[in-house]
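Heads up: the protein sequence lines correspond to chains U and Z, in order.
The letter at position 100 of the first sequence is residue 100 when you use this note's numbering, and the numbering goes up by one with no holes.
The letter at position 148 of the second sequence is residue 548 when you use this note's numbering, and the numbering goes up by one with no holes.
Keep in mind that the hints were calculated from the coordinates and are not lab data.
For clarity, every value in this text was computed on a predicted model and none was experimentally measured.
Ideal Cβ placement from N, Cα and C applies to all residues, glycine included.
There may be inaccurate statements among the hints.
Keeping only pairs whose Cα atoms sit at most 25 angstroms apart, straight-line, the calculated SDA-like set for lysine to any residue is [what the hints assert, rightly or not]:
hint	chain 1	residue 1	chain 2	residue 2
1	Z	Lys692	Z	Ala499
2	Z	Lys692	U	Glu196
3	Z	Lys692	U	Asp95
4	Z	Lys692	Z	Arg505
5	U	Lys292	U	Ala102
6	U	Lys292	Z	Glu741
Label-pair distances were calculated between CB atoms; the ranges are [said to hold, decoys possible]:
hint	chain 1	residue 1	chain 2	residue 2	range
7	Z	Arg791	U	Leu117	18 to 26 angstroms
8	Z	Thr567	U	Arg363	53 to 61 angstroms
9	Z	Asn427	U	Glu124	17 to 25 angstroms
10	Z	Gly705	U	Pro376	24 to 32 angstroms
11	U	Gly60	Z	Arg513	51 to 59 angstroms
12	Z	Gly583	U	Thr278	45 to 53 angstroms
A few chain Z positions that, by computed beta-carbon distances, are all more than 10 angstroms from chain U [to be verified]:
hint	residue
13	Ala588
14	Asp620
15	Glu672
16	Thr678
17	Arg784
18	Pro785
Number of protein chains: 2
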Amino acid sequence: MSGPEGGSSLSRPAEPRHPAHTTLVDNIGLLVTHDADRPERSGAALLIENGVVAWVGDAGDAPAADERIDAHGGCVIPGFVDSHSHIVFAGDRADEFEARMAGRRYEAGGIRRTVRLTRDATDEQLLANATRLVAQARAQGTTTIEIKSGYGLTVADEQRSVRLAATLTPEVTFLGAHVVPEGVDRDAYVDLVVGEMLDACAPHSKWIDVFCETGAFTVDESRRILEAGIARGLGARVHAGQLGESGGVQLAIELAAASVDHCTFLSAADVEALASSTTVATLLPGVEFSTKQPYPDARRLLDAGAHVALSTDCNPGSSFTNSMPLCIALAVREMGMTPYEALRAATEGGAAALRRADVGHLRVGARADLAILDAPTYVHLAYRPGVPLVRQVLSGVAGP
Amino acid sequence: MSGPEGGSSLSRPAEPRHPAHTTLVDNIGLLVTHDADRPERSGAALLIENGVVAWVGDAGDAPAADERIDAHGGCVIPGFVDSHSHIVFAGDRADEFEARMAGRRYEAGGIRRTVRLTRDATDEQLLANATRLVAQARAQGTTTIEIKSGYGLTVADEQRSVRLAATLTPEVTFLGAHVVPEGVDRDAYVDLVVGEMLDACAPHSKWIDVFCETGAFTVDESRRILEAGIARGLGARVHAGQLGESGGVQLAIELAAASVDHCTFLSAADVEALASSTTVATLLPGVEFSTKQPYPDARRLLDAGAHVALSTDCNPGSSFTNSMPLCIALAVREMGMTPYEALRAATEGGAAALRRADVGHLRVGARADLAILDAPTYVHLAYRPGVPLVRQVLSGVAGP
Chain U
1 MSGPEGGSSL
11 SRPAEPRHPA
21 HTTLVDNIGL
31 LVTHDADRPE
41 RSGAALLIEN
51 GVVAWVGDAG
61 DAPAADERID
71 AHGGCVIPGF
81 VDSHSHIVFA
91 GDRADEFEAR
101 MAGRRYEAGG
111 IRRTVRLTRD
121 ATDEQLLANA
131 TRLVAQARAQ
141 GTTTIEIKSG
151 YGLTVADEQR
161 SVRLAATLTP
171 EVTFLGAHVV
181 PEGVDRDAYV
191 DLVVGEMLDA
201 CAPHSKWIDV
211 FCETGAFTVD
221 ESRRILEAGI
231 ARGLGARVHA
241 GQLGESGGVQ
251 LAIELAAASV
261 DHCTFLSAAD
271 VEALASSTTV
281 ATLLPGVEFS
291 TKQPYPDARR
301 LLDAGAHVAL
311 STDCNPGSSF
321 TNSMPLCIAL
331 AVREMGMTPY
341 EALRAATEGG
351 AAALRRADVG
361 HLRVGARADL
371 AILDAPTYVH
381 LAYRPGVPLV
391 RQVLSGVAGP
Chain Z
401 MSGPEGGSSL
411 SRPAEPRHPA
421 HTTLVDNIGL
431 LVTHDADRPE
441 RSGAALLIEN
451 GVVAWVGDAG
461 DAPAADERID
471 AHGGCVIPGF
481 VDSHSHIVFA
491 GDRADEFEAR
501 MAGRRYEAGG
511 IRRTVRLTRD
521 ATDEQLLANA
531 TRLVAQARAQ
541 GTTTIEIKSG
551 YGLTVADEQR
561 SVRLAATLTP
571 EVTFLGAHVV
581 PEGVDRDAYV
591 DLVVGEMLDA
601 CAPHSKWIDV
611 FCETGAFTVD
621 ESRRILEAGI
631 ARGLGARVHA
641 GQLGESGGVQ
651 LAIELAAASV
661 DHCTFLSAAD
671 VEALASSTTV
681 ATLLPGVEFS
691 TKQPYPDARR
701 LLDAGAHVAL
711 STDCNPGSSF
721 TNSMPLCIAL
731 AVREMGMTPY
741 EALRAATEGG
751 AAALRRADVG
761 HLRVGARADL
771 AILDAPTYVH
781 LAYRPGVPLV
791 RQVLSGVAGP
């Protein structure tokens, strides 16, 4: 466990310490555990033992501990689980952002510009940039982050991306199928992705992902790529429904993908299928902010009974924010979520999108990944948009 | 001058130091001065002498200095001038915010709830809350802040508010005419505001303001109140056009008010009148974010030639953000401003709304109030919404 100035590597298990080291977090204004019966409680304290939540109860009943952390009356929430980011890249596309704000439409082809810059960068440059972005995310409360490749698009460059990402998080996603690179035949490229590139990347990855969208990959190409990854033991995730309705959502469900991400454009059948599946609909409002597209309708998904996550999609093209609090504020302002639904989607929802049961909540047994807010309630994350309200971040370590 | 951990009192002149103390800010990625011929420049450095900008030029030509501040390649901008805040208050209205997000309409009457809580608070509680909010604003780049009364609404409580505000900023606004307090006859209240209350508050204030809106004060009442303040030597400012078109905009111009604030609803005649006046139209997008109203049309005002400022309106009811970067991001996303126009409105525009020529820019002679960003250009304030990008804040002191 470390304070806000601690290491920037997220979700890395460490060796358990012996004897047990205990930390009591108290003087908590409001504690959010996501316990089914009592998701939030006042007057509570939380005991951490070797980086794992060992006890939650009324502050007056708190056991003795080796160390005490004073929440100063602030709200304590599970650390954010940002289940969708693309932070292994080089370069900046502020000019494209500015042009979009002046009316130009977002197109997936901008990805190729980052590909050129990423290929030209050294390992050290890529890792320094990603490390800086992870540290910045952590200071904003993110304690688990997924990182995708997808700006390499050659065997060597994709492998480098997943290898570097794996030094920062265990949640590494191989996204060779981000776009077809310039000057490459698309059938030959799909062959490469499912062949030599997958061979090179799978050992460093936990997930495989495809951008299934007009301008990127078709449903059939996406199926072939995802099935190849699944055959190698990777979990499936899909980008779909960003620019229009497509068969990508149904494909994700068909393949039992952990998550289908964007879901800005969904048919009624898509919503119904999501509601009766375990595939999480991950919504990325930073994208709509930065592309001036309409925001996804979270209310429709929640009312249908679908699982919903919120994530940043941090990348230099369509969403260069890594602020989960901003995503929560936008979800509440623009997407019909209540503050609690948005918080839950940004924590337990993200964990479900990564098939993780150990993070995203603070029930007994969870990793003690948490954020202490400079606010009495998590509602302030939306009520006070843009204000840096995360005062302290703790990251637990995996228990024995 | 002090670093980010320095005192939280903004814009307080200090005694000049002898002999002159010089500081060179260099390794600047992009320097924004708002110079008419060259508003932004690369490869520049900036020399501060006793808290005032003494020289701007190419880094290679920089003079020697006693001290050096390394901008680490970041963009250097004038500190934000937040010309509209209501931060002397007690209590929290997160529940009202949540109800609005679920569909309830914003009504000015919510102010009365904060009035009750503010009256019940001690001086120490009010000052601690306001001091915390000023420090939080400063950490986000705000180096000049205006603070209004308006949650006291008795002679003693309003006087207390302006007295406490004056310990934090010279830009203090008497807003006894915020709403008519509960159980008080409105004519009697207007008499009180222009009489005993003004007598008690004017010595601590620089400005007088009125909430000229349905549910608050009529145009005739507003005129009487503003004229009484002007007669006491206070400058005029007006709240108008938040909930609908009203005569408040024209009244502000008629009285040569420094600023008319909100301007969400404007008639064509209002826009034309603003364009041919020196009254600044101050836009407060945090309000529209938090009340789900449509955003003001900044483009229409700029195209007409009006002076535009951006401000937070930080208050516990309609806009509890004190993030000028968020206001910039919303202005770019929602209000038709370019990133440069939004930055300028948040700096030099705010200064114009306070009739201040010494802040809001970094031309030679300005106070050295500046923010160093963790970004190569100010465009990132909109391109990276929600991310805390202000790395360091310097506040100049008034020169001899």
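Cross-check of the supplied hints:
no., hint, in the structure
1, Lys692(Z) x Ala499(Z), "holds (11 angstroms)"
2, Lys692(Z) x Glu196(U), "violated (51 angstroms)"
3, Lys692(Z) x Asp95(U), "violated (29 angstroms)"
4, Lys692(Z) x Arg505(Z), "holds (8 angstroms)"
5, Lys292(U) x Ala102(U), "holds (10 angstroms)"
6, Lys292(U) x Glu741(Z), "holds (19 angstroms)"
7, Arg791(Z) x Leu117(U): 18 to 26 angstroms, "holds (24 angstroms)"
8, Thr567(Z) x Arg363(U): 53 to 61 angstroms, "violated (46 angstroms)"
9, Asn427(Z) x Glu124(U): 17 to 25 angstroms, "holds (20 angstroms)"
10, Gly705(Z) x Pro376(U): 24 to 32 angstroms, "violated (45 angstroms)"
11, Gly60(U) x Arg513(Z): 51 to 59 angstroms, "violated (32 angstroms)"
12, Gly583(Z) x Thr278(U): 45 to 53 angstroms, "violated (58 angstroms)"
13, Ala588, "holds (35 angstroms)"
14, Asp620, "holds (35 angstroms)"
15, Glu672, "holds (25 angstroms)"
16, Thr678, "holds (29 angstroms)"
17, Arg784, "violated (5 angstroms)"
18, Pro785, "violated (5 angstroms)"
Checked against the numbered hints listed earlier, the structure breaks hints 2, 3, 8, 10, 11, 12, 17, 18; every other hint is satisfied.
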